[in-house]
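Novice: One-letter residues, chain by chain:
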Amino acid sequence: MEHTEPSPFEISNDQLDLLERLSNAVAVSGDEREVRAIVLEEIQPFADEVRVDALGNVLAVRHAQGENPLRVMLAAHMDEVGFILVEEEEGGWYRFEVVGGIDPRVLVGKPVLVGKEHLPGVIGTRPIHLTTPDERKNALTVEQLRIDLGNENGKKVKTGERAGFATRFRQAGPSLVGKALDDRLGVAALIELIKNPPPNVELQAAFTVQEEIGLRGAGVAAYAFNPDVAIAVDATPANDLPAWDGEENTRYNTRLGGGPAIYVADAATLSDPRLIRHLIRTAEEMGIPYQIRQPGGGGTDAGAIHKQREGIPVVSVSVPVRYAHTPALQARLLDWENTLSLLYHGLERLSPQLFSEDR
Amino acid sequence: MKALIQKLVETIAPSGYEMPVRELILGEVKDWADEVRVDALGNLVVRKGQKSPSGKRIMLAAHMDEIGLIATHVDENGFVRFSTIGGVRPHTLYGGRVRFLNGVAGVIGGERLENMERVHSFDKLFIDVGATSKEDCPVRVGDVAAFERPFLDLGKRLVAKSMDDRISVAVMMETLRQLKNTPHEVYFVFSTQEEVGVRGATTAAFGVDPEIGIAVDVTATGDTPKGLKMAVALGKGPAIKVKDSGMIADPRVVRWMADTAEQAGIPYQLEILEGGSTDARAMQLTRAGVPAGCLSIPCRYIHTPSEMVDFEDVQNAVGLLKALLESPVELK
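Line order of the protein sequences matches chains A and B.
Quick note: the first sequence uses this note's numbering, first residue 1, plus one each step.
Quick note: the second sequence uses this note's numbering, first residue 1, plus one each step.
Rather than coming from a laboratory, the hints here were simulated on the basis of the structure.
All C-beta atoms, glycine included, are put in the ideal place defined by N, C-alpha and C.
No incorrect hints appear here.
For the chain A half of the interface with chain B, some residues (derived, Cβ under 10 Å), not all of them:
1) 229
2) 251
3) 262
4) 263
5) 264
6) 271
7) 291
8) 294
9) 306
10) 313
11) 358
12) 359
Heads up, simulated SDA-like pairs for lysine to any residue below, C-alpha to C-alpha not over 25 Å straight-line:
13) B:134 <-> A:287
14) B:124 <-> A:296
15) B:134 <-> A:256
16) B:124 <-> A:250
17) B:124 <-> A:297
18) B:134 <-> A:240
19) B:124 <-> A:267
20) A:155 <-> A:90
Here chain A stands alone, though its shape is the one from the complex (with noise of 0.2 Å):
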C-alpha cells in the first residue's frame, strides 16, 4: 500500500495549549491526577471506551474501520519526575525525597509547587555570601535541603502529598522549554492519535502511571489490553551539545532536531527488530527524518509491556529532548511533529504479515 499523504496533522494553537498546559500540569509518580483529568477531557469525545483502571492508568480504545484489525498499544506515561513531603519541620519546611532519577546537584535553588493547590515552595540553600570555598566544591545532599513553604503554607500540606518542579511551559523559537516534557510530549501524541487515528488499526492508548519509578503502570495496562504490538512512546536524552574538550562527542544518545528516536536496545528492552525495521521503511519512504537512538542504558514502557502473557513484540519511539530531569527540559517542535507522523503512518502501514517476516 503506497501512501504519499501527508499526515493528518496541522500543528496549531490548540496543539500547542494542550502541550503547555501539560507541562504545566504537576503529576508526580503516584500522584497523575492532574495530567488524568486533561487526558479524560481531551480524549472522550473521540475514543470508543475509556476506563480508568485499579493503578490509574487511563486505558483508551479507538475502534479500527475493518475487520480483524490487528490490536496495536501505544503508551506515554503522564507521571514526571519530582519529590514526596517526608516530615514537617518548624516554620514550613519540610524534608522530602526525589522520586524517580534526579541528580541532586540540579535541586539547589529551584522554585517548586506543592500540593494538589499548587503551593510556592522553594528547595533553598545557604547563600554564597555565607559559604566558604571549600563548602562549595560539595554538591549538597538531598538530606541536607528542605522544601521551604514560607511558613503559614506549610499547615496546608501534609506528609506524604507531592511537589514537582515551577517551570512554566514557554515557547522558543522553534523549541519548547517546560519542565514536565518527559513524557507529555508522549501524552500529547497520543491524545493526537485518538483524535486522528489511523483507521486499519485497534488503537489502544495506555495513558501510564508510575513510569519514572520502574515501569509499573505500563505492566497492568499491557496485560489488560493483551495487545498483538505495543509502541512505547516516550522522550529520550539529547546530550548533544559540543564536548568541553572539542574531542568528538561519541555518546550524544540522540541530537536535538534528528527527528523521532528510535530504540534498538536498551536496558530494560530488546526491541523487536521487525518493527525497528518497519518504523525505519516509514521513515525513509515518507521522507521522516529519524534518528536510531544509540543503544545503552535506560528504559520506556516497552520493558514492562513486551513480558506481559506470552509476550508483546516492541519498540520505542522517543522525542529527543535536552536536560532531561532537570527543571527545564528543551525539545523541538519539529522533532514532535515528526514523532507523531512516524507513529501515524508506521501504524496505517502496519500488517499482520510483518510478523511472519525473519527477525
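Following the hints, complete the assembly by docking chain B onto the known chain A.
Specialist: Chain B alone, transformed into the frame defined by chain A:
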C-alpha cells in the same frame, strides 16, 4: 553430539537476535517433535508427548541467546564504539575478535592507557572493522555482534564461546532425540533473551503453563587455581541446583532429580551459586507459581570467549534428563 555442539557454538546469535540458532535447532528437531511453535518473543517451543493419567506438563528451558556487543557510534575514522548485551566484562575484550550479524568481522582495540596495569573500561574500547572512514564503515548504530572463536575439542574437555548456553541446547536436543516414550507432555523450550534478564522464559512459561519447570543452564565451578569458593567441579557430573541468587529450587524437585540420578547410577553434584540465575526463576514465578529446579552443566570461564565444559558431564546430563522424563513423577 560434538558435531552438533560445534555447529551450535559457532553460530552468532546474541540476545534479541536468536534467529540463526533458532533456525539451526528447528531444522534438527522438527522431525522428533509432536508440535513446534515460535512465540512473540522468539522462543522456540517444542512439544513431545501427550499427558497420560500419570503424567504432568513439564517445561524444560535452555536459552539460545549469548552475550554480545551492540554498536553505539561510528566515529569519523570508522572506529565503532559499542555497548554490551548481557554480562560482558571489559577485561575479556581487548584484542578479541567479534563478528556482526551482517557478517562483518572486527577486532577490539583500546585507547592508550596511562597505567598499563589497569583494565580498559568500556568507554575506552572500540571495534576496528578495517574501515578508514565513517563512510566506508559497514557497521551502523544498532548493529549487533558476538565473540568470534572456533570450537576447540580438547578430548575430555570442550571449549567455545557461548557454551553458555548452547551446551544445554545440545543437551536438550539430544534428550529429545533419544526420548521415545514419556508419560508426560514435555515442552522443550529454547528460550530467548536470558542473558538480559530471563525475558523469553518469562513469557514462554506463561504460555506453556507448566506443572513442573526445569531449566538447563551452565553454572560456575570452584576447581581452578585460587578460584571461586564453590563446591562444583568439572567432570563430577551435572549439577542439581539447590539455590542461586534468583531462586531457591523447589526441594521436591531437587529430591526428584537427585533420587533419579542415584537410581540410574548417574554421578551428580549439588549446586549453590552465589551470583546469577536462570530461566528456572521465570518458570517458578509465572502465573500462580510452579515447582522449579535447574540442571546445570559445570562450566569454567563463563562469559569469556573460551568457556570450558566436560564432555562426560554433558553426556550424563542427557542421561539424567532422559531418566527424569521417562517415568511418572510425584513430587514429595
